[in-house]
Amino acid sequence: MNDFYQQIASVAKVEPLEENLIVFAEPGQIKEIVNIVKIQNARFVHLTAIDFSEKKNKIELNYFFLLLKDKLNIILKTELDSTNPIISSISEIIPGAIWAERECKDLFGVNFEGHPDPRRLVLADDWPDNIYPLRKNFSYNSKPKVKSETTVELKKPGEGKTVIPIGPFYPSLEEPAYFRLIVEGEEIVDFDYRGFYVHRGIEKLAESALNYQQIPFLAERICGICGFVHSTAYCQAVEKAGGIEIPERAKYIRTIFLELERLHSHLLWVGLAAHIVGFDTLFMQAWRIREPVMYLCELITGNRKTYGINIVGGVTIDVLPKHLEDMKEVLNQIEKEAREIREIILEDEVLQLRFKDVGRLTEDDAMKYFVGGPVARASGVEIDIRANFPYAAYSNIDFRIPLRKEGDVWARTLVRLEEIFISIGILRTIINSLPEGNTSTKVVKIEPWREAISYVEAPRGQLFHYVMTGPEGRPYRWSVRAPSYQNYQALSVLLKGGSIADAPLIIASIDPCFSCTERFEVLDRKNKKVDIYTAKDLRKCLEAN
Amino acid sequence: MFRSKLRALLLSSRHKKIIRHYPFVPVTPPENLRGRLEVFADRCIGCGNCVRVCPSRLIEIKSSDEEKAVIFYAGRCIYCGRCAVSCPEKAIQITHEFELATDNKNDLEIIIKIKMVKCRQCGKPFITQNMFNKQVAKLEDKSEENISRLMLCAECKRKSQSRGNE
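First to last, the protein sequences are chains A and B.
When the letters of the first sequence are read in order and numbered with this note's numbering, they come out as residues 7 to 551.
When the letters of the second sequence are read in order and numbered with this note's numbering, they come out as residues 17 to 182.
These are calculated hints, taken from the structure and not from any lab test.
Quick caveat, the model's predicted, so the values are computed rather than measured.
Careful, some of the hints might be misleading.
[Stated by the list, open to error] In silico DMTMM-like cross-links for lysine to aspartate or glutamate, where the CA-CA straight-line distance does not exceed 20 Å: (1) B:K150 <-> B:E82; (2) A:K311 <-> B:E156; (3) B:K21 <-> A:E346.
[Unchecked claim] If the Cβ cut is set under 10 Å, some of the chain A residues that face chain B in the computed set are: (4) E21; (5) E155; (6) T157; (7) I172; (8) Y176; (9) F223; (10) R227; (11) G230; (12) I350; (13) E355.
Even for Gly, the Cβ is constructed at its ideal location relative to N, Cα and C.
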């Protein structure tokens, strides 16, 4: 640890701050420092830019790394000239940074030299060049003129290979994304992805129009399944930045809903996986078992989903003793029925034939792409933010982290099943130890230019929120990296060598969450007239493929 | 193989009917459900707290000489209930009503109008009638003189005070 510290300190200015290590570097030194950090087995978390072009004509790049064994965040900062921001890419050293760099290029206009795949990721294909939506000089409600000529850059298949397009509307998960499987016979040899069709401009809206207390409600709408993790992560980040200590009871109530969410999210996934392989009885039963959790949430908060109870400084509702009684009952019932579901899955040979040895992700690849959550744990990577970086009430609760070595779809299923029971255990501990007290504190003033990182272990993996407080009563920069964002990038490894029939299952096995990944669309196609595809156009599309 | 399918059969046969026959059989919403907003025009003092807290930014206050109009474009409402919490006069209440489907979102709009009180010296509207009534109610001595003193806008009050000091 000390060696490493000195190694970095010899190259750049270092400033330790609580659990963060902030490194200020020159743009030319980035590669060198990233190499030092990589040797320490640090996980790459995210890369985000902050636009200071109005203040000092600079764009600040922030590289976030995480040293699990030392419980340390490394924030690597560098400043680029905002008129021509250019820096060498780190994607060669860290393949998991490919998407983050593409995103920065799209939204801030930062050019990454030597990037292996410099296509558009976030912006629509007809978005005009040289307009960067997250720069501060772009107004959140302006509508730039779309490009008249659009070119869609997609991977071309090589000689003797065929393209199988899935999408742009993904059939089994019923969300928009476009997967291109490049196949040779039955075997998938390459894979291309074009998504980000459900961007909603969330980060931009928060940074330019809302205030601190309004954003939790927007953050919760990032995702329809695991929205509570987003509002919790956002609130925690602001609380950390503003030095606000929330009451213990609020922390416990947040933990209750985080776990209830994990419970129903995993049950939903089990159902979906069964549905994809055609076992619809299991699908319906898993979703029926999930239903009491939704009723319970509705009973306590008033809503089945999108509870709307998180605010900066605590939660808005209280959990009453009668709710805890109901919860006990629901947990007993779910535990009993989830056991039956597990038995059904474990004994089913068809499921095992479909799941085992399919979509294998080795531990090395899992480390290379920094996947998180059940996907990482099924490949033997021991990461669970609840244990590594305890937040909310997790520091007071003991729980197991299920690990599997196989790294296939079967292992991911088993890990998720196991986590259902662990969540039930955590909830039972909370029922017995819920502290008394207030549920929120009053937030007075949040000082500008403070920054904070907050992690939450979402049902799908490690969620990351970054907040830099601003002078106008709202964050100057709020950056979100959903767990699926990292997991998606591992799909190219997962799919290679698989067969076409397994592709839907493999894609579903990372439990992808489209809206989480694609949180900030700026495009408004409403005013554009509707395109009607003629037979000629369709033929052209087919030819292009 | 068959054991697993048999188990699945058993599991599903134990729960025959789980469907609720809504809307033929009405559903009682849970206690904490946040439904349609109800706004009481006779309580609103036009302070604008709700405008500041609403995450959907759907509340607008339009002032004119005679009255203040508080408009809720409730078609955009996310039913978070922050406005009701922030209201010092409890003029906004969250009801349990949830069957709000409509083919015209303007149906959900709520507009309340509050009368303004004019300054007795300069004639500028400076306070809402409800706020004025509240101030009058707070007075210990409800004499004509005291009430007429309340009918001055801040500017005129300052002027009259500074004149008094001279």
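Verification of the supplied hints:
no., hint, verdict
1, B:K150 <-> B:E82, "19 Å, holds"
2, A:K311 <-> B:E156, "50 Å, violated"
3, B:K21 <-> A:E346, "12 Å, holds"
4, E21, "35 Å, violated"
5, E155, "36 Å, violated"
6, T157, "37 Å, violated"
7, I172, "29 Å, violated"
8, Y176, "27 Å, violated"
9, F223, "4 Å, holds"
10, R227, "8 Å, holds"
11, G230, "13 Å, violated"
12, I350, "5 Å, holds"
13, E355, "5 Å, holds"
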